[in-house]
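Visitor: Okay, here's what each chain looks like letter by letter:
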Amino acid sequence: MRECLFEDQIDDYLLNRLEGDKKGRFEEHYFNCSSCFTKLKERDELVSAIKAKGAWLFAREPQPEPKGWAAALGRMTNWLTPRQWAAAAVSAAVILFAVFGALPLLRNQSPQFTLSDNEVVRGRSLSLISPLIDVKAVPAYFEWAKLDNASEYKISIYNGELLWTATTVDTRIAIPEDVKLKIVAGQRYAWQVRAFSANGTLVAVSSRVRFQVVPGN
Amino acid sequence: MNGHVQDVDLNDMVAKYRPVVSFKVRKSLGSQTPDWEDVVNEIITQVIEKVRKGEFRGESSIGTFIYTVTSRRIVDFIRQKTRVLKGGPEPSPWPDPSEDAESRERAEIVAGAVQQLKPKFKEVLNLYYYQELSREEVAARLGISPRRVSERLNYAQKLLRKMVKK
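Sequences listed follow chains C and H, in order. Residue numbering for the first sequence is 1 to 217, as defined by this note's numbering. Residue numbering for the second sequence is 218 to 383, as defined by this note's numbering.
Worth flagging that the hints you see were computed from the coordinates, not collected in a lab. Small disclaimer: the values here were computed from a predicted structure and weren't measured. Backbone N, C-alpha and C fix where the C-beta goes; we use that ideal spot for every residue, glycine too. Check before you lean on any hint, since a few could be wrong.
Claimed, not checked - Some residues of chain C that are not near chain H, with every Cβ distance over 10 Å (derived):
hint	residue
1	Glu28
2	Ser48
3	Ala86
4	Ile129
5	Leu181
6	Val214
As the list claims (entries may be wrong) - Simulated coverage check for chain H against chain C, where a stretch passes if three residues somewhere in it have a Cβ under 8 Å from a Cβ of chain C:
hint	region
7	232-246
8	340-353
9	356-368
Bound-form chain C, shown alone (with noise of 0.2 Å):
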């Protein structure tokens, strides 16, 4: 039984689906409704854990009706010709690279900084494309990806403490060998960037994103 009208908008406004005055009205609630803040909380760690741990969660999950799908591929098996079993097996592997390869990029979301739901003033989080958690030697290149409204980026990759900073027009830079030296392999070091506008303001910041030398390779 439902002790509160403001309940049935705890799931819209942890997953933003609130706006304007709605969501004003129902943060103002939850200050002074100690019972809809009690559920916020405990729905607000459900949200966070399965958005968290979701592609794990969800990634093993046993596929339904799974005669279906025995019966669909024995016929698959009769219509297809090798050659569209080869067509259809390099597609495969195009989807699971772009899906893998992507799900990286997806960890982490920078902060997200709105004035109001229609002034997001850095809103905009930055993709780094290179290196990514495990990387076989110590990466020459640091890659993101570009964005419009920017004219410089700095980069800044730390060992717990910073390690070293520096800024570029470009989407890509060089790491000087004095700072690959100090890049041992088994050791986490996490590189973060942030996008500046002609003028000098910050208008994005990246992830920090995790990567290592694996060691042996």
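Fit chain H to the supplied structure of chain C, relying on the hints for placement.
Guide: Chain H in isolation, oriented as in the chain C frame:
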């Protein structure tokens, strides 16, 4: 949570509203923002000062008063951040790019509980919270009514609550 100026006990007020203010600040700024705890402390300090100076006159509830102070401080913080120039000092690094250890541990526990749910409950959580489909879209995908979707979501949450509290 209603209260008037003569009723306000500052210690009780801080104990009661700090978690609410923290939640709102983290939602607005993102928990990756290293300054979020400083913003919370500033808001609490501001509220205490305003109450002491008699600026809270009981025209609204104390919750609404604190919500107003919180919202204004968040807007100010964002405006300050947009004035950060490229020559500004390097922000101090924070230990983890995502969440603090406590939140990560909590997420592990909740995710572990979700993993143990029956497929029909996991499926509805996946479609509704992870893929962010509407109730109607989830209903169409699963071939059930939107009301049934709500029931499954509520029941899944009830089960998770029990599992996490064990």
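Visitor: For every hint, state whether the structure bears it out.
Guide: Do the hints match the structure? See the list:
With a cut of 10 Å on Cβ distances, C/Glu28 falls inside the contact zone with chain H, its closest approach being about 5 Å. With a least beta-carbon separation of about 6 Å from chain H, C/Ser48 fails to lie farther than 10 Å from that chain, contradicting its non-interface assignment. No Cβ of chain H approaches the Cβ of C/Ala86 within 10 Å, the least distance being about 32 Å, so the stated non-interface status holds. At the 10 Å boundary, the C-beta of C/Ile129 stays outside the reach of chain H, the nearest C-beta of that chain being 17 Å off.
The claim that C/Leu181 is not at the interface with chain H holds, since no C-beta of that chain comes within 10 Å of its own (minimum 20 Å). Listed as outside the interface, C/Val214 is consistent with that label: its C-beta sits roughly 20 Å from the nearest C-beta of chain H, beyond the 10 Å cut-off. Counting residues of the region 232-246 of chain H whose CB lies closer than 8 Å to any CB of chain C gives 8, so the stated coverage by that chain holds, three being the minimum. Figure legend: the region 340-353 of chain H, annotated as covered by chain C; annotation consistent (7 residues with Cβ-Cβ distances under 8 Å, at least 3 required).
Residue count for the region 356-368 of chain H with a Cβ under 8 Å from a Cβ of chain C: 0. That is fewer than the three needed, and the coverage hint is violated.
Going through the hint list in order, the structure does not satisfy hints 1, 2 and 9.
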